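Residue numbers (this note's numbering), protein chains in the order written: chain Z, 1 to 222; chain G, 223 to 464; chain D, 465 to 681.
It cannot be assumed that every hint is accurate.
Not everything, but these chain D residues come out facing chain Z in the computed CB check (under 7 angstroms) [claimed, not checked]:
hint : residue
1    : S513
2    : G529
3    : F541
4    : F543
5    : F654
6    : Y666
These aren't lab readings, by the way, just hints derived from the structure by calculation.
Remember, it's a predicted structure, so these values are computed and weren't measured experimentally.
By construction, the Cβ of each residue, glycine as well, lies at the ideal position given by its N, Cα and C atoms.
Chain by chain, the residues:
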Amino acid sequence: MLTDFNFRVIWEYMPLFLTGVRATAFIAAVSITLALITGIIACACRISGIKILKYPAIAYIELIRSTPLLVQIYFLYFGLPTLGVRVPELQTGILALMLNSGAYIAEIIRAGINSVDEGHIEAGISSGLNYVQRMRFIILPQALGVTIPPLLGQNIVLVKDSALLSLISVVELTRSGQTMTSERFMPAEAFLTVAFFYMCIYFCLKTFADWSQRKLIFREVY
Amino acid sequence: MIEFKNVNKWFGKLHVLNDINLTIPKGEVLVICGPSGSGKSTLIRCINRLEPIQKGKIIVNDVPVHDKATNLTKLRADIGFVFQQFHLYPHMTVLENVMLAPVNVKKIAKSKAEKIAMKKLEQVGLTEKSGVHPAQLSGGQQQRVAIARGLAMSPKIMLFDEPTSALDPEMIGEVLDVMVNLVSEGMTMCVVTHEMGFAKKVANRVLFMDEGAIVETGTPDKFFDNPKTDRAANFISMILTH
Amino acid sequence: MMAFYFGQLVEIFPFFLKGLWMTSKIAFISLVSCTLIGLVLGIFRSSNSIILRHLVGVYVAFVRGTPFVVQIFIIFFIFPEWGIQLEAFSAALLAMAIMGSAFICEIVAGGIAAIPKGQWEAAASSGLTNLQQLRLIVIPQAMKIILPPLVGQYVLLIKDTSVVSVIGVMDLTRVGWVTVVRIPEGLMVFTLVGALYFMISYPLILLSNYLERRMAV
Ligand SMILES: Nc1ncnc2c1ncn2[C@@H]1O[C@H](COP(=O)(O)OP(=O)(O)OP(=O)(O)O)[C@@H](O)[C@H]1O
Ligand SMILES: [Mg+2]
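The shape of chain Z in the complex, shown without the other chains (with noise of 0.2 angstroms):
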């Protein structure tokens, strides 16, 4: 069936599909640590009990989680230009992955404080620690293990998410494949060489996901 699979092309796009892949890493990586940031303040505010923070978090976190994200990046790409804002579609793109992500975080990381046993926050109450340093000390620290897996998690579906932005054009991994396939129309060729690539992302990835999962289970035996 792949009898006439053309390797000298892909070959001769090696360069193209190299060039997807570092356009890859570089979207995640800054998107996964915008999205970070955004989801820690979105979390702050969604567990701060301060009403005028409280209510847009919630309806920023489940506006987000009820949508996709294609119509997300669609809003941005085809909205801010009725804005009068003139964005980049890369830029767009790295937006919409944030925004994305940091509702995901934001639940995450709430989730970890939440398991944190309520008897070790009352001992804080107890001892005279002040809500910062309840945070600090004894809230932060262990939800911290239970975050760490999850976190990483996103992180492999952000990037499978950013392949999402070639739709805008932005250039990065899957569109390299769509390039190609405009150019020779060997979509086969093309769209496997892509899912190869994502894989060795993917295994990379997990791989350490896994093993940040096995250190923390190994630390909470001790």
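Dock chains G and D with the ligands against chain Z, hints included.
Okay, now just chains G and D with the ligands, sitting in the frame of chain Z:
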């Protein structure tokens, strides 16, 4: 009825059963004891093939247990098994737990299976609990239901793996009573337990295991009062001081 | 200007409802097929056969390791190369079934793995066959563990149906994309699209939250 012929079993490199030869005639009550990790559970789990063996042969009712061609379902229907941790099905009522195998293995009609199940529950003194879920029962009651579940298939052999070890002391008696009653009905039984009282009262034979081998066998009185080997003597003094 | 476009948008609203109908249709069919296939694969994944386990494992890794949009392109473009003509709608359903079942497979396998070994052994000891052990003892108990993440996965899958718009299926997202060319009010158009997605997925999110809370107690 049950026959072990040069049975050997390994878990990886660990030699858990070391050349076991053993015959349990019909109607015998055999108590197996020995230190933790000596292979007691493994030994009785081999009888209904919950564990595979690597060498030797086990024959139950003239059927070679570990033969590929053996009809496992039929074999197991004749052997009741009671676990240390009960393993009742939490999503079913007590009655449903007991009825499950008769209905699904023996294909007995539901109404008839219910009658059988109620009879078995009566035997363990729990008819009034038939409608509740296992989580609402005490440990002793759960273990009695587990015994009723084992009996529901009218097995020829009952195997018990430390049936009272997970129980609070005040509940051990009620479970042992049920087992003693079973003995009086002539059931062939193989019981892993450290309950010396039970062994002395009803066992025909005690088997002492250590490091995967049978070290000593004898009548309960002889074994507990005059053990032949040092290892057995050590073990008995240990369970006595507990 | 805004008001003018708003009027136009109201005029073509039926077009959006058609998109919503298409999205619902794809979502419904794929959720059902993903659940069925995922259940079977999840059982294979927890079987004793090493070959079966690893075969399913490779399948799951391939699906989880690549973006859905790439999977759709592969299915949509490669099948014709093998001489199998696949219209966009069938390609979309096929892609959804492949992708969704892999994720549901993992959820099912996780649920099965959470059932203590003793339950299998107790059932085996009373003579139940492997299939009976699974059907009567393990699956009913695993269902309780599986349900909350399964509903959560449904939400993700419904949202993922938006990606099938890239091969030309006239779903809600595609309708928005086509509309925005005629009515250059991106915010308005995609707010409407988003609102319609929200209508489908938010109730499910609430259900999933509820199930998770109920599991926790
Ligand atoms: N599934 C298994 N895989 C590997 N090793 C096992 C397994 N089951 C048991 N073992 C090992 O085999 C040895 C015998 O176990 P077994 O459970 O038969 O002992 P036991 O005499 O019943 O002990 P206890 O009184 O603690 O129940 C132990 O060293 C145990 O660690
Ligand atoms: Mg044991």
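Hint by hint, here is what the structure shows:
A least Cβ separation of about 24 angstroms between D/S513 and chain Z goes past the 7 angstroms threshold, and the interface hint is therefore violated. This hint holds: D/G529 has a C-beta 4 angstroms from the nearest C-beta of chain Z, less than the 7 angstroms allowed. About 3 angstroms separates the beta-carbon of D/F541 from the nearest beta-carbon of chain Z, less than 7 angstroms, and the hint is met. Restraint check, D/F543 versus chain Z: the minimum CB separation of about 10 angstroms is more than 7 angstroms; hint violated.
Using the Cβ-Cβ criterion of 7 angstroms, the hint placing D/F654 at the interface with chain Z is satisfied: the shortest such distance is roughly 4 angstroms. Because the smallest distance between the Cβ of D/Y666 and any Cβ of chain Z comes to about 4 angstroms, under 7 angstroms, the interface hint for this residue holds.
This entry does not satisfy hints 1 and 4, going by the numbered hints stated previously.
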